[in-house]
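Asker: Single-letter residue listing:
There are 2 protein chains.
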Amino acid sequence: MRISELSRVTGIPVATIKFYLRERLLPEGRRTSPNQSQYDDTHVQRLRLIRALVGVGGLSLAATRDVLTQIDEPTGLTLELLGTAHRMVAPELPPDVDLRPVVDLLRRWGRDSCAEAAGTDDEGRVDDALAALAVALRGLDDAGFEVDLPRLDSYAEAMMQVARTEIAGLPVESATAAVRYVVLGTVLVEPVLLALRRLAQREASAARFPLPG
Amino acid sequence: MRISELSRVTGIPVATIKFYLRERLLPEGRRTSPNQSQYDDTHVQRLRLIRALVGVGGLSLAATRDVLTQIDEPTGLTLELLGTAHRMVAPELPPDVDLRPVVDLLRRWGRDSCAEAAGTDDEGRVDDALAALAVALRGLDDAGFEVDLPRLDSYAEAMMQVARTEIAGLPVESATAAVRYVVLGTVLVEPVLLALRRLAQREASAARFPLPG
Numbered sequence: 002m003r004i005s006e007l008s009r010v011t012g013i014p015v016a017t018i019k020f021y022l023r024e025r026l027l028p029e030g031r032r033t034s035p036n037q038s039q040y041d042d043t044h045v046q047r048l049r050l051i052r053a054l055v056g057v058g059g060l061s062l063a064a065t066r067d068v069l070t071q072i073d074e075p076t077g078l079t080l081e082l083l084g085t086a087h088r089m090v091a092p093e094l095p096p097d098v099d100l101r102p103v104v105d106l107l108r109r110w111g112r113d114s115c116a117e118a119a120g121t122d123d124e125g126r127v128d129d130a131l132a133a134l135a136v137a138l139r140g141l142d143d144a145g146f147e148v149d150l151p152r153l154d155s156y157a158e159a160m161m162q163v164a165r166t167e168i169a170g171l172p173v174e175s176a177t178a179a180v181r182y183v184v185l186g187t188v189l190v191e192p193v194l195l196a197l198r199r200l201a202q203r204e205a206s207a208a209r210f211p212l213p214g
Numbered sequence: 002m003r004i005s006e007l008s009r010v011t012g013i014p015v016a017t018i019k020f021y022l023r024e025r026l027l028p029e030g031r032r033t034s035p036n037q038s039q040y041d042d043t044h045v046q047r048l049r050l051i052r053a054l055v056g057v058g059g060l061s062l063a064a065t066r067d068v069l070t071q072i073d074e075p076t077g078l079t080l081e082l083l084g085t086a087h088r089m090v091a092p093e094l095p096p097d098v099d100l101r102p103v104v105d106l107l108r109r110w111g112r113d114s115c116a117e118a119a120g121t122d123d124e125g126r127v128d129d130a131l132a133a134l135a136v137a138l139r140g141l142d143d144a145g146f147e148v149d150l151p152r153l154d155s156y157a158e159a160m161m162q163v164a165r166t167e168i169a170g171l172p173v174e175s176a177t178a179a180v181r182y183v184v185l186g187t188v189l190v191e192p193v194l195l196a197l198r199r200l201a202q203r204e205a206s207a208a209r210f211p212l213p214g
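Sequence order for the protein chains is A and Z.
Counting from 2, one number per residue, gives the positions in the first sequence under the numbering used here.
Counting from 2, one number per residue, gives the positions in the second sequence under the numbering used here.
Read the hints as simulated data drawn from the structure, not as lab findings.
None of these values were measured; they are calculated from a predicted model.
Just to be clear, a hint being listed does not mean it is correct.
To be verified - Partial pick of chain Z residues on the chain A-facing surface, computed with a CB cut under 7 Å:
hint, residue
1, Leu50
2, Thr70
3, Glu74
4, Ala130
5, Met160
6, Arg165
7, Ile168
8, Pro172
9, Leu185
10, Ala196
11, Leu197
12, Leu200
13, Arg209
What the hints assert, rightly or not - Partial list, derived from the structure: chain A residues whose beta carbon lies under 7 Å from chain Z:
hint, residue
14, Met161
15, Glu191
16, Leu195
Note that CB positions come from ideal geometry on N, CA and C, so glycine has one too.
Modelling step: build the complete structure from the supplied sequences, incorporating the hints.
Answerer: See the structure below:
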């Protein structure tokens, strides 16, 4: 198909498609004349993936490129995939974050092996997931918003339930499949979970405060 | 205290504090001379709240202003608070999103009253929480990332557990307390949940794929 057809099928403007081509997020089509190329279904799929990452996932252009590269040319073991996926989509964290409150929580939850990993690694980097939690908890504290321990327990339990289902479903037949699952699962499932939480809040609220009449 | 002391206590640069003053996010201090003002603990708290909303919460300046206004001068009933809070922090949604897949899901979960609300309201607005879920699901679909129904069930169940705890703790003694709880709980707890999910994924992954040796 020509670029105009590609635009029609995906609903993505021609100018945007040309931008993705220039930025090499989208592979070039098969050139049929000096000014024309033919595109196929792989381009349709790739464009939809880019839209999902940039739009729903809220990724920057650079992060989108990293994710696509990782999917196209997976590197690393399955074991290291989560770290890679998380780092790619993690917000920039301050280097001086205090991990002690998080370590206390992890010990409370009996997750001691996790707590012990809470140092800096060989390259002096602080563990991303722990740092993200520390920053998030500091945000609550800064705002004077108290979340008591039973509620944090309940959050941790709910997220453990979520993660168990996710990791159980991780495909191991190929590195590409595993990378796709981990990277897209991290980026694209977050908005699903947050939307479900909001819906559930409204229902729980309606149950606690029924409308009169 | 003077502005330099306010900066030292909060760790927020003087230039940033002046910016927040100009933007009226931070109330003026008590003027003690033409070029000097005195600030107190309420300014410290407000600055920490702003930092939490802008930094951890990732809100824009405009959204931060909305949140602060809502906390300072709460409007609306407790029942309407969730909607207000969600709208303030919700990303811009496309107006033409197809809600049918979401309605099917809600019926599957026996949440029929919620499904019936899935129209446009009197002002022609699509329900925000439902639209957010529809957009998030379309993102998965666009990316060719299949999430089966049992997994969605599990997500919905986990988020319902989260929401029940949250709504049960909603303070009802004053509108200000309720607004604070809902607005900050929405914005600032999201990063906590996402960080906990990532940590849990890593643990579940280590359990499924133990390191050799």
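Asker: Determine for every hint whether it applies to the structure shown.
Answerer: Against the structure, the hints come out as follows:
A distance limit of 7 Å between C-beta atoms decides the matter here; for leucine 50 (chain Z) the minimum to chain A is near 5 Å, and the interface restraint holds. Hint status for threonine 70 (chain Z): violated, given a least beta-carbon distance of 16 Å to chain A, over 7 Å. With a least beta-carbon distance of about 18 Å to chain A, the hint placing glutamate 74 (chain Z) at the interface is violated under the 7 Å criterion. The closest approach between the C-beta of alanine 130 (chain Z) and any C-beta of chain A is roughly 4 Å, which is under the 7 Å cut-off, so the hint is satisfied.
Annotation: interface hint on methionine 160 (chain Z) holds; nearest CB of chain A at approximately 4 Å, less than 7 Å. The restraint placing arginine 165 (chain Z) at the interface with chain A holds, with a minimum CB-CB distance near 5 Å, inside the 7 Å limit. For the restraint placing isoleucine 168 (chain Z) at the interface with chain A, the shortest Cβ-Cβ distance is roughly 4 Å, inside the 7 Å limit, so the hint holds. The beta carbon of proline 172 (chain Z) comes no nearer than 11 Å to any beta carbon in chain A, farther than 7 Å, and the hint placing it at the interface is violated.
Among the interface hints, the one on leucine 185 (chain Z) holds; its C-beta lies about 4 Å from the nearest C-beta in chain A, closer than the 7 Å criterion. The criterion of a C-beta within 7 Å of any C-beta in chain A is met by alanine 196 (chain Z), whose closest approach is roughly 4 Å, and the hint holds. The beta carbon of leucine 197 (chain Z) comes within 4 Å of a beta carbon in chain A, closer than 7 Å, and the hint placing it at the interface holds. Of the supplied interface hints, the one on leucine 200 (chain Z) holds, with its beta-carbon coming within about 5 Å of a beta-carbon of chain A, less than 7 Å.
Taking 7 Å as the C-beta contact cut-off toward chain A, the hint placing arginine 209 (chain Z) at the interface holds, the least distance being around 5 Å. Given the 7 Å rule on beta carbons, the hint for methionine 161 (chain A) holds: about 4 Å separates it from the nearest Cβ of chain Z. Taking 7 Å as the C-beta cut-off, the interface hint given for glutamate 191 (chain A) holds, the closest approach to chain Z being about 6 Å. For leucine 195 (chain A), the suggested interface contact is upheld, since its CB lies about 6 Å from the closest CB of chain Z, less than 7 Å.
In this structure, the hints that do not hold are numbers 2, 3, 8, in rising order.
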